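Student: Residue numbers (my numbering), protein chains in the order written: chain S, 973 to 1239; chain Y, 116 to 453.
A couple of the hints might just be wrong.
Claimed, not checked - Simulated crosslink set (DMTMM-like; lysine to aspartate or glutamate; CA at most 20 Å straight-line):
| no. | chain 1 | residue 1 | chain 2 | residue 2 |
| --- | --- | --- | --- | --- |
| 1 | S | Lys1050 | S | Glu1238 |
| 2 | Y | Lys263 | S | Asp1235 |
| 3 | S | Lys1047 | S | Asp1103 |
| 4 | Y | Lys265 | S | Asp1235 |
| 5 | S | Lys1076 | S | Asp1235 |
| 6 | Y | Lys308 | Y | Glu383 |
Because the hints were derived from the structure by calculation, they are not lab data.
As the structure is a prediction and not an experimental result, all values here were calculated from the model.
Residues per chain, in single letters:
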Amino acid sequence: MKRIFSIITASSLFLIACEKDVSSQYNPSASADLSVEFDHIAGGQNVLLGTTSYTNAAGESFTIDMLKYFVSNIKLTKTDGSEYVVPQDSSYFLVDESVSGANKIKLKVPEGEYKNISFVLGVDSLRNTMDISQRTGVLDPAGTAAGMYWSWNSGYIFFKMEGTSPQAPVDGTGNRKYRYHIGGFGGYSTPMFNNIKTITIDLTASGIAKIKTGRTPNIHLMVDVLKVLNGTTNVSIAANPTVMVSPYSVNIANNYVSMFSHDHTEN
Amino acid sequence: MLRKHWIVLALMVTGVYACHKETMDIFAGFQKPANFPEPVYHFTTNPVTKDGFELGRKLFYDPLLSRNNTISCGSCHIQTSAFTHHGHDVSHGIDDRLGSRNSPAIMNLAWNPALMWDGGIFDLDLQPIAPVTNHVEMDETMENVLTKLKNSSVYPALFQRAFGSDEITTAKALKALSQFMLMCVSSNSKYDKVKRNENETFTADEQAGYQLVTQKCSPCHKEPLFTDNSFRNNGIAIGANDDKGRYMVTVTAGDEYKFKVPSLRNVELTAPYMHDGRFYTLDAVLDHYSSHIQQTPNLDPLLSAGIPLSAAEKTQIIAFLKTLTDREFTSNRLLSEQ
Chain S
973 MKRIFSIITA SSLFLIACEK DVSSQYNPSA SADLSVEFDH IAGGQNVLLG
1023 TTSYTNAAGE SFTIDMLKYF VSNIKLTKTD GSEYVVPQDS SYFLVDESVS
1073 GANKIKLKVP EGEYKNISFV LGVDSLRNTM DISQRTGVLD PAGTAAGMYW
1123 SWNSGYIFFK MEGTSPQAPV DGTGNRKYRY HIGGFGGYST PMFNNIKTIT
1173 IDLTASGIAK IKTGRTPNIH LMVDVLKVLN GTTNVSIAAN PTVMVSPYSV
1223 NIANNYVSMF SHDHTEN
Chain Y
116 MLRKHWIVLA LMVTGVYACH KETMDIFAGF QKPANFPEPV YHFTTNPVTK
166 DGFELGRKLF YDPLLSRNNT ISCGSCHIQT SAFTHHGHDV SHGIDDRLGS
216 RNSPAIMNLA WNPALMWDGG IFDLDLQPIA PVTNHVEMDE TMENVLTKLK
266 NSSVYPALFQ RAFGSDEITT AKALKALSQF MLMCVSSNSK YDKVKRNENE
316 TFTADEQAGY QLVTQKCSPC HKEPLFTDNS FRNNGIAIGA NDDKGRYMVT
366 VTAGDEYKFK VPSLRNVELT APYMHDGRFY TLDAVLDHYS SHIQQTPNLD
416 PLLSAGIPLS AAEKTQIIAF LKTLTDREFT SNRLLSEQ
């Protein structure tokens, strides 16, 4: 009995110690690592570029050969409600399924427990109109942004998805391709459609992020690209094989805001 | 006696040479002509310097900006034609591929709030990316251009001189090109000299033509830049390629078939005319406005009845338009390939 009591006491002490270890040792003035993973799926399947066929709500079969998009202007909210905004100059990322490691973005964030993350899918209008000297890193038109920038109609492409579909009409190159290049920051001098989307994800249900020096927490998001085509508008590849600077792009952007969900957090 | 003649002659030659050097070859920085409004370009983030301008000039005339090192900016923007591609309705770029629009003048761009026939580019610094990467123009990537510049034996030193560091970046290359283009100011035509009271007067025909242009061609071709920088459908027939112009940029109903109002400066030298170079002479342009306006969607209301002109009036207008020719600009050694 005494022995059991001792064990219980020891266990309790251990539990208390554990809790204390997690809650009391955050140093809000120190920054630590946080990664956010964009895990691409198509319904119940993993996305494999070029090799696998998927089916949309319109019953059309398609492959995904290219999938990339900008993630920017990241904000995190602590469990106490305070907000951390990732500094502008280190808050632009290009998620690219074809590049190893480019589906995970890495941040430095003040230690603490975070219940919410939000980001812009695309590039904000201010950066779209900024001086060329402010367009470095992934925003450099001579670098990774080369395929994500409209030179003839100044502005970044926010989201790019391309592939083939037997239902797509034969294009000028003799292929049955679909091409979705979605951008549009609202127009420079003439108001135009605005496809800048802010995505907010609550982490409470599937695991808050505990950010602390020496740890490498990872917010694991599932990104269901079927939702690019299926949603408020069920996009038919046969009817809309090419969507770029056109009002129809608004439908695709309105669909893809729903493609992100929080799966879990590896703390 | 003979010797004295020689000295006089030598002095005269030196004087002429010195004069020539003073007006043509000395870099004086960007200067706003007295009869021009304030420029719209953001000089605060890119002040024009001699070294920056010279680097930009070298880049402008360098074919390394194209995929196979055959086409430079200067290939389709020829100084003697006010930096247009004289005689070409649309330009031929790399591998003789044809574009769909007429090469516009590189002239007075510091006063130009939006570039290209459709105004799709709103910052001069971003402009060169379009022709460099366009499949039918230079068909190159900006990344390759930077690699070629970095591997060159001369450019790192020129970037060092212009920007204080031999690091070659997208921003520096584009800003140097802007510095060259900003210096392409045309403000010394006969018209300018008349307006500035610089010992020039219009002939009777030119004066009559000036009155006609003021009455009938403004507000679109507004003084002193002879454009209001607006986008308008001027009633030319829709092209076979159905180029919708401004609409392709704004995707806004009501912008179909609108194109930028080009300046009339140096118009004598920049044939052919319109966004697709369909008119080869100024007579053809005036005949269009007087007799051939097409009632197409979004036709500018100012042109709904055309601009009736008699043969004499057309002659007078053309006489005036020729006073907008600026030979100092088109022969300025400072702006030529060195």
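Student: Among the hints numbered above, which are violated by the structure, and what are their numbers in rising order?
Tutor: As far as the earlier hints go, 2, 3 and 4 are violated by this structure, in ascending order.
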